[in-house]
Every structure is written in C-alpha cells, then in structure tokens.
Amino acid sequence: MPHDVIMPALGMAQDTGLLLAWHKKPGDEVTEGDVLFEVETDKASMEVEAQAAGFLTNVSAEPGSDVPVGQTIALISENPNGNGQTASASPEQTATPVTEAPRNEPVEVQGSQVIMPALGMAQDTGLIISWSKAAGDAVSTDDVLLEVETDKSAMEVPAGFDGYVAAILAEAGENVPVGDVIAVISAEKPDAPVTRSAKSGTPKHAAGPASPKSAADSETSSSAPAEKASSPEKAVPVAPPAASGGKILASPKAKRLAKEQGLDLERLVRAGTPQPFHVADIETLKSLPSETAPATTTQAANRRIVAEVSGSALADFVDWLSRELGQKVRQEAVLAGFAASALRATGQSDAIGVQTEVRGLVRAYQDPDLAGLGRAEPLDGAATPSLVVRDLSGTPVTSVQLGAEAAPVLSVSDTGSALTITCECPGDTVSAGTALALVTGFAERVGDPLRQLL
Numbered sequence: 001m002p003h004d005v006i007m008p009a010l011g012m013a014q015d016t017g018l019l020l021a022w023h024k025k026p027g028d029e030v031t032e033g034d035v036l037f038e039v040e041t042d043k044a045s046m047e048v049e050a051q052a053a054g055f056l057t058n059v060s061a062e063p064g065s066d067v068p069v070g071q072t073i074a075l076i077s078e079n080p081n082g083n084g085q086t087a088s089a090s091p092e093q094t095a096t097p098v099t100e101a102p103r104n105e106p107v108e109v110q111g112s113q114v115i116m117p118a119l120g121m122a123q124d125t126g127l128i129i130s131w132s133k134a135a136g137d138a139v140s141t142d143d144v145l146l147e148v149e150t151d152k153s154a155m156e157v158p159a160g161f162d163g164y165v166a167a168i169l170a171e172a173g174e175n176v177p178v179g180d181v182i183a184v185i186s187a188e189k190p191d192a193p194v195t196r197s198a199k200s201g202t203p204k205h206a207a208g209p210a211s212p213k214s215a216a217d218s219e220t221s222s223s224a225p226a227e228k229a230s231s232p233e234k235a236v237p238v239a240p241p242a243a244s245g246g247k248i249l250a251s252p253k254a255k256r257l258a259k260e261q262g263l264d265l266e267r268l269v270r271a272g273t274p275q276p277f278h279v280a281d282i283e284t285l286k287s288l289p290s291e292t293a294p295a296t297t298t299q300a301a302n303r304r305i306v307a308e309v310s311g312s313a314l315a316d317f318v319d320w321l322s323r324e325l326g327q328k329v330r331q332e333a334v335l336a337g338f339a340a341s342a343l344r345a346t347g348q349s350d351a352i353g354v355q356t357e358v359r360g361l362v363r364a365y366q367d368p369d370l371a372g373l374g375r376a377e378p379l380d381g382a383a384t385p386s387l388v389v390r391d392l393s394g395t396p397v398t399s400v401q402l403g404a405e406a407a408p409v410l411s412v413s414d415t416g417s418a419l420t421i422t423c424e425c426p427g428d429t430v431s432a433g434t435a436l437a438l439v440t441g442f443a444e445r446v447g448d449p450l451r452q453l454l
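For the sequence shown, the UniProt record's numbering assigns the number 1 to the initial residue and increments by one for each residue that follows.
If you're looking for bench data, these hints aren't it; they were derived computationally from the structure. Be careful, since some hints might not be right.
What the hints assert, rightly or not - Here are the computed lysine-lysine pairs in the BS3-like style, where the Cα-Cα straight-line distance is at most 25 Å:
| id | residue 1 | residue 2 |
| --- | --- | --- |
| 1 | K25 | K259 |
| 2 | K133 | K189 |
| 3 | K253 | K286 |
| 4 | K286 | K328 |
| 5 | K286 | K259 |
| 6 | K255 | K133 |
| 7 | K133 | K253 |
| 8 | K24 | K328 |
To be verified - Cβ pair distances, simulated, as ranges:
| id | residue 1 | residue 2 | range |
| --- | --- | --- | --- |
| 9 | D66 | S349 | 30 to 38 Å |
| 10 | Q401 | P80 | 44 to 52 Å |
| 11 | V362 | E78 | 49 to 57 Å |
| 12 | L20 | G347 | 26 to 34 Å |
| 13 | G433 | A371 | 21 to 29 Å |
| 14 | A371 | L20 | 47 to 55 Å |
| 15 | G347 | R451 | 14 to 22 Å |
| 16 | A406 | R375 | 38 to 46 Å |
| 17 | K253 | A21 | 48 to 56 Å |
| 18 | D319 | P177 | 33 to 41 Å |
| 19 | T384 | G272 | 39 to 47 Å |
Glycine included, C-beta positions come from ideal geometry on N, C-alpha and C.
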C-alpha cells in the first residue's frame with residue numbers, strides 16, 4: 001500500500017509551505033529517514049524525511065510552489081512506477097465517503113475529510129487532547145476544531161472548511177497516525193452525525209430533533225439516559241483520568257497558566273479530575289488542599305539558568321556566513337560551535353562532543369568550535385555528548401523546564417524579537433560557577449556572533 005507524502009505544518013499559524021527542492025527524483029528508491037525535500041516557512045527552512053521505505057512516485061508539486069499544509073504531494077510506492085493513483089488532491093478536493101468497519105452496519109458520511117496533520121519533522125502520530133466542536137456543530141474555516149499534542153508541543157487545529165461536523169472518527173486521548181481521517185465536514189447539516197473511536201470503529205449516531213411524542217415518551221422511559229447521552233453535546237468522549245505519573249492531557253492555555261502560577265497539574269490527576277484539563281480546572285487545582293512533599297536530593301541539586309538575547313543577530317549571521325562560504329550553513333552547526341567554545345572557555349581541555357536536536361532530528365559533532373564557524377560536519381554515528389543543544393527557534397515552544405539530563409542541555413527558543421536560552425544541568429557533576437560561565441559565554445556568542453570573528 002503506498003504511503004502519502006504530505007506537506008507538514010512546521011509552525012502555529014502556517015497554512016502553506018514553500019517547497020524549496022526535492023532531494024529525490026521520481027522513481028528513486030528511498031529508505032525510511034532519507035531526506036525527501038526541503039520546505040520553507042515564514043521563519044525557517046527544514047529538511048523533511050521519508051517516513052517509509054519504497055520508491056518516490058506520483059510527485060505533484062514542483063520546487064517554488066506554495067503547497068497547503070496537509071496536501072499530498074507524492075507517494076512512496078512499492079515499485080518505481082507507482083500504482084496509477086494521483087497525489088495531487090488536497091483535503092479541499094477530497095470528498096470520499098467515510099465508511100464504518102465491515103463488522104458494523106455500513107454508514108456513509110459525505111463531506112470534506114479532516115486528517116491528522118503533521119506538526120513536526122519526524123511525527124508519525126498525534127495525540128488528540130480534546131475536541132472543541134461536537135458532532136453536528138456548525139463550523140467555519142478558521143474555527144478551532146481540536147487540540148493535538150506531539151512529542152514537543154500542543155497545537156490548536158482549525159476546521160479548514162465551512163459547514164457542519166458530520167463525523168468525529170477519533171476520541172480524545174487517542175494517538176492517531178498522521179494522514180488518517182479524524183473528522184468529516186459536510187456542506188449541509190447532517191441528519192445523523194457520527195461519532196466513533198478510531199480504535200474500535202464503533203459508530204455512535206447523534207440524535208436528531210425529537211418529535212413531541214418521542215420527547216414525552218423519553219420523560220417516562222427508562223432509556224432516557226441513553227438517549228440523552230447520544231445528543232451532540234455529549235457525543236465527544238472525554239479521556240478518563242490517567243494514572244499518576246503518566247502523560248497529562250491539557251489545553252495549551254491551561255498548561256501555560258499552571259506554569260505561570262507554579263501549579264502542578266499532576267495534583268488534578270491524583271484528585272481524579274477527568275482529563276483533558278482546561279482553564280476552568282486551574283481554579284479547581286488552586287482550591288485543592290496543599291501538599292507537603294520533601295524535595296529529593298537530585299531535584300535540589302539540579303540547576304536551571306535562563307538568559308535572553310537579541311533574536312535577529314543569529315539569523316543574520318547565519319545568512320551572511322552562508323554567502324561568505326558559498327554554501328548553505330546550518331544554524332545548528334553554528335550553535336554547536338558556540339556551545340563548544342563556551343564550554344572550552346570554562347577550562348574544559350578534553351575533546352568536546354556536541355549533540356544537536358532540531359525538530360526531532362539528532363546530529364553529533366566533535367569539537368565543532370575547532371573546525372571553524374559553519375564548517376563543522378556531523379559525525380556518521382552517535383557519540384556520548386559533553387553537552388546538548390536543542391534549537392527550538394521557529395517552533396511554538398517559548399519556554400522549557402524538562403529537568404537535568406546526563407550532560408548540560410542548552411535550549412534556544414524563540415520569543416518574538418528575542419531568543420531565550422535555557423540551561424539545565426545536573427548539580428552533582430556541574431558546579432554553579434561552571435554552569436553560569438557556560439550560559440553566559442554561549443548567550444554572548446549567540447547575541448553577538450560577529451564578536452567571534454574578532
């Protein structure tokens with residue numbers, strides 16, 4: 001079965017992506033992880049990897065074209081000739097009926113398909129946090145339809161079409177493969193909207209308007225609770241409380257408010273509050289009795305230092321360096337060199353290995369500060385890093401607090417006109433003075449890159 005190659009969403013408000021270049025030609029054999037093409041958003045250019053092995057076929061987008069997010073632009077087929085199907089249909093052009101699983105009575109829902117979008121470079125699935133609309137609701141193109149969480153962030157996904165939610169095909173709390181149909185939006189108000197789980201395939205029909213007789217009967221019938229549960233307002237299932245210590249489902253605003261106010265959403269889980277959590281649950285969290293928990297030695301020893309520098313100097317420097325060297329310079333390679341140089345300035349005399357992470361793509365560099373700015377090349381294999389650099393610029397992530405790891409971690413995030421640099425490191429292996437010097441040196445280099453040439 002061929003695998004769809006779709007235009008990914010690499011930013012919060014991205015509607016299209018500019019296809020810069022294909023790295024494979026139609027008919028070329030590809031393996032999972034091969035770079036297929038480069039795409040540019042309003043903030044950065046990214047390499048997109050193949051998510052399956054096979055042959056590149058049915059290429060429908062040319063370099064230089066703006067492609068809507070979620071549109072299929074090629075297929076990865078079992079043979080170089082493809083299977084004859086086209087890959088040019090965008091979600092707006094697709095009106096294939098959604099049919100229930102064979103073991104159920106077939107139910108067809110006509111309309112435009114909403115698929116699970118790709119919100120990251122190496123994303124295979126998306127976790128549905130919550131639905132903002134119920135089956136049967138009216139929606140417009142820009143209305144928020146649902147919230148999706150990837151491995152790095154949570155995002156609101158717009159409906160993309162005007163009409164009515166005719167079917168919801170996945171529940172909150174489910175991990176759905178990228179490209180799978182999760183909802184159908186019809187032009188006309190549906191008589192019997194459908195809600196079902198992507199796992200079970202079992203349909204639930206939302207009840208239409210009741211006649212006077214059926215409404216009267218429902219007041220005395222013992223089946224009234226079941227009928228009420230099938231109304232549009234109750235059609236969207238809510239994820240059950242997760243076990244303490246597991247992944248917490250919450251809206252981005254609820255997470256942000258909890259972080260700003262120093263509140264632990266885990267306490268809502270322990271209290272049995274149903275997930276996903278929303279803004280109203282923050283008040284519930286604040287009203288819970290206080291807990292006293294002794295801090296562990298490891299938590300007390302961990303260090304977290306935050307710095308803020310100009311956001312334009314780094315991007316301008318990378319562009320200038322690319323022109324000077326006559327080749328494209330990766331921003332991550334420059335950051336790796338700055339990090340290694342800052343660590344070496346603290347007195348580190350041994351070889352310095354730097355691991356970079358950009359949208360899930362991990363690369364390793366050895367002594368990148370000694371290779372010359374922009375000239376460091378990644379190693380073929382992985383290596384134990386002396387420190388880790390996570391480049392989150394150009395993503396919706398503006399702040400991190402993930403906890404210390406085996407090596408110091410420097411995270412660079414975009415906060416509008418500024419870059420925020422966060423260092424997290426274990427206090428039992430990195431002294432306070434070394435951590436402070438590392439962050440200071442790295443921030444000075446990122447904030448004023450031209451100083452490195454003097």
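Going down the list of hints, with the structure as the test:
1. K25 to K259: The given pair, whose Cα atoms are some 47 Å apart, is violated under the 25 Å limit.
2. K133 to K189: At roughly 14 Å apart (the allowed maximum being 25 Å), K189 and K133 satisfy the hint.
3. K253 to K286: Cα-Cα ~16 Å, so holds.
4. K286 to K328: violated (50 Å)
5. K286 to K259: holds (13 Å)
6. K255 to K133: holds (21 Å)
7. K133 to K253: This hinted pair holds, its Cα atoms lying about 17 Å apart.
8. K24 to K328: holds (19 Å)
9. D66 to S349: 30 to 38 Å: For D66 and S349 the Cβ distance comes to about 50 Å; the hint is violated.
10. Q401 to P80: 44 to 52 Å: At roughly 48 Å between Cβ atoms, P80 and Q401 fall inside 44 to 52 Å, so the hint holds.
11. V362 to E78: 49 to 57 Å: violated (29 Å)
12. L20 to G347: 26 to 34 Å: violated (42 Å)
13. G433 to A371: 21 to 29 Å: holds (28 Å)
14. A371 to L20: 47 to 55 Å: violated (26 Å)
15. G347 to R451: 14 to 22 Å: holds (20 Å)
16. A406 to R375: 38 to 46 Å: The hinted range 38 to 46 Å is violated for A406 and R375, with Cβ atoms some 28 Å apart.
17. K253 to A21: 48 to 56 Å: Roughly 38 Å apart at Cβ, these two residues miss the hinted range, so it is violated.
18. D319 to P177: 33 to 41 Å: holds (37 Å)
19. T384 to G272: 39 to 47 Å: holds (42 Å)
Hint check: violations occur at hints 1, 4, 9, 11, 12, 14, 16, 17; the rest are consistent with the structure.
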